[in-house]
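Residue numbers (my numbering), protein chains in the order written: chain A, 1 to 339; chain B, 1 to 292.
Just so you know, the hints here were simulated from the structure itself, not pulled from any lab data. In this text, all values refer to a predicted model and were calculated from it rather than measured experimentally. Don't take every hint at face value.
Derived CB-CB ranges, DEER-like [to be verified]:
| id | chain 1 | residue 1 | chain 2 | residue 2 | range |
| --- | --- | --- | --- | --- | --- |
| 1 | B | LYS118 | A | HIS96 | 42 to 50 Å |
| 2 | B | PRO173 | A | LYS300 | 54 to 62 Å |
| 3 | A | ILE298 | B | SER184 | 29 to 37 Å |
| 4 | B | VAL278 | A | THR261 | 51 to 59 Å |
| 5 | B | VAL275 | A | LEU148 | 53 to 61 Å |
| 6 | A | LYS300 | B | VAL179 | 32 to 40 Å |
| 7 | B | VAL278 | A | GLN330 | 29 to 37 Å |
We put the CB at the ideal spot given by N, CA and C, even for glycine.
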Amino acid sequence: MSAAEEVVAEGHTAVEAVPKRAMTLGTGTSLVVLAALIIAPVFVKNFIIFQMTMLLIYGLAVLALNILTGGSGQFSLGQSAFYAVGAYTTAVLMEHFNVNYALTLPIAGIVCFGFGFLFGQPALRLSGVYLALATFALATAMPQLLKLNFLEPWTGGVQGLVVTKPDAPFGLPMSQDMWLYYFSLAVVLAIYIFSVNLLRSRSGRAFMAIRDNEIAASAMGVDVALYKTLAFGVSAAITGIAGSLGAIAVQFVAPDSYTITLAISLFLGMVVGGVGWLPGSIVGAAFIIFVPNIAEGISKGLSGAVFGVLLFAVIYLVPHGARQVAILGQQLAGKLRKN
Amino acid sequence: MELFTNQVLAGIATGAIYACMALAVVMIYQAIDHLNFAQGEMAMFSTFISWQLMQWGVPYWAAFVITLIFSFIAGIAIERILFKPLAKAPVLTNVAGFIALYAIINSSAGLLWDFTIKQYPTPFGSSPFLGSQLISTHQAGMIGVTVLLLLGLYFFFQYTRIGLAMRAAASVPESARLVGINTSWMIALGWGMATAIGAIAGMLIAPVVFLEPNMMGGVLIYGFAAAVLGGLTSPFGAVVGGFLVGIFENLAGTYIPGVGNELKLPIALALIISVLVVKPAGLFGRHIVKRV
C-alpha cells in the first residue's frame, strides 16, 4: 500500500475529496438549467413562484454550507444563526432606517462575514464532532439572543418584525412575487458564479488542500488558520444574503423561524445534493422544501416517519447524493455517443 | 454559601440524568465512531415499551428486564438492517441516516402513544434522601445505578474476552480482523449495548421529566455536551462530564444575572466550548495522533 492510499484508507478526512472540476456543471448544461429557471415563472401561479423563490433562497444557503463543508472540510450545524443575522439585518434596516431592500443585501453579507470570521477564530482549535457541537451551540443560542429584552426595540422580541414586500421597479408589468423571483435569481446566479470561481482560485485550492489533509497543506505553505476562518466568513456571508432574501420573500422575521431545525434541514439538503457539488445545492433545497409536504400528504399522523423513510430511500440509492446521479448520467451519455 | 452547596447538589441530581445519557453516547461512539443523533429517541421508545408492559400489569423489574432485552435486540437489528448497508457510504450520509431514524422513531411513538404527558413510576420512591430537600431517593438511586453501570462496563471492557475484542475492533479494525475478530458483529454488539444503556437511562429519567415522545430532545443535547466535555473516548469522562454539565447549568442559572431557563443551555454550551478550546480532546479523552 502506498503512502497516499494509506491516508485514504485510514479515513482521516471526514469529507470526501471532490476534485475541483467535479464541483460544477458543464457550460451547456448550466445554460439549459438557467433558461429553464428564467422561463418557468411565466407559466405558473403566484404561490408556485413564491415556492420557487424559496427554492432559490434555500439553494443559496445550502451552497454556502457546501463551500464550508465540501470545500474546506469544516462541519457546521450553526448555519441557521448566520441566516438569522442576515434576515434580521435586512428587516431592521428596512423597517427602522427605510433603507432600500436591494442595498440591505450587501450590508447583511458584510455583517455576516464579520460574524462568521470572528466565530471561526475559536472554532479553529476544534474539528469534527467538537466543531459540530460548537456550531450547534451557536444555533441554539441565536433564537434566545434575538429575544433578549434590551434588543426588543430593534428586533421586536418574540413578536418579530414585519417586512414590506417591494414592488417591481420602473413600472414593469410584473406581480411582486414574480419580481422578487427574478431579483433572487439574479442574486443567486451572481453568487453561484462567484463561488465557482472562488473554488477554482488560489483560495479555493487552499480550502481543498486543508480539507484533504490539514498537516500536508500547512507543510506546503497554506496559512491554515487564515483560510479556515476565511471559509467560515464566506460561508456566513452567503448564508446571510440568503437570510436577507428569505426575510423579504416571507415578509416576516421572528426568532423561532431560525432554530436548529433550519440548520439540520440545510445539512440534509447538502447531503442529498451531494457534498462538495455546488449545482446539487438546488436539488437538496428542493428535497428539504417539497419532501416534508409530500410526506404530510401521504400520512398526516406519520409525516415524520414517511419523511425519514424517504430520506433513507434517497441515501440508500445514492449515498453521494445528486452528484452520483449526475455522474451516472454523464457516463451514460458518453456510452451512447460512442455507439 | 448554603445557596451554593444546594445548587451544587441540585446540579449533581440533574447531572445524573446527563451522565446516564452521556454513557450511552460514548458507548456507541466507541463502537461506530459517530455521534448517533437518534439515540435519545431510541431511549424514549424503549421507555415507552416498558411503560406499555406495566400498563398490561407486568411488575416494574420484570418490565425493566424485558425492555433491556428488547432494546438490545432492537439495537442490533437497527444496525444490521439500516446502517450496515451504509458502512461504506460517506460519514455525512450516515449522519443523515441518523436524522432519518430520529424522525421515524419520534413520529411512530407519537402515533402509537400520542403526545400527552404520562406519569412514570420509580422503583426508589421519591421521599427526600438523607433529609436533604434537593436530592430525592429516586435521584440518589439514579446516581447509584449510573455508578454501577460504569463499574460494570469497566470490568466488561477490561477483563472479558469479548470486551477486549470490541476495543480491538474499534481501535484497529484491520489488525483485529487479522486475528480473527468479527469486526462487523462487534459494531452490531456495540449498537445493542448502547441501546440497552440508553433504555436504562430513559427509564431512570422518565420519572423526572415525564414520559412523552419529545422527552429526550433536551436531555440528549446535554448528554452529547457531557460526552464531548469528558472526552468521547472515555466512559469515565462521560460520567464526570455529565455531573459537571449539571452543576455548570445550575450555577449559571443562579449566579449570572438575566439568565432565565431559556439561556441556561447556551451558557452551559459556551462554557463547554471554552473548555474544549483549552483541551481539544475533552477532559479525559485520549489525544489521537494523526498520521500524514
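LYS300/A paired with VAL179/B, Cβ distance criterion 32 to 40 Å: Violated - the Cβ-Cβ distance for LYS300/A and VAL179/B, about 53 Å, lies outside 32 to 40 Å.
Distance restraint hint 53 to 61 Å, applied to the beta-carbon atoms of VAL275/B and LEU148/A: With Cβ atoms ~25 Å apart, the hint is violated.
Hint check for GLN330/A and VAL278/B - Cβ pair distance inside 29 to 37 Å: Between VAL278/B and GLN330/A, where Cβ atoms are some 48 Å apart, the hint is violated.
Verdict for LYS118/B, HIS96/A (Cβ pair) under range 42 to 50 Å: For LYS118/B and HIS96/A the Cβ distance comes to about 47 Å; the hint holds.
Hint check for THR261/A and VAL278/B - Cβ pair distance inside 51 to 59 Å: This hint is violated: roughly 31 Å between Cβ atoms.
Pairwise beta carbon distance, PRO173/B to LYS300/A, judged against the given window 54 to 62 Å: Violated, since PRO173/B and LYS300/A (Cβ atoms, about 44 Å apart) do not stay within the stated range.
ILE298/A paired with SER184/B, Cβ distance criterion 29 to 37 Å: holds (34 Å)
Checked against the numbered hints above, the structure breaks hints 2, 4, 5, 6, 7 and satisfies the rest.
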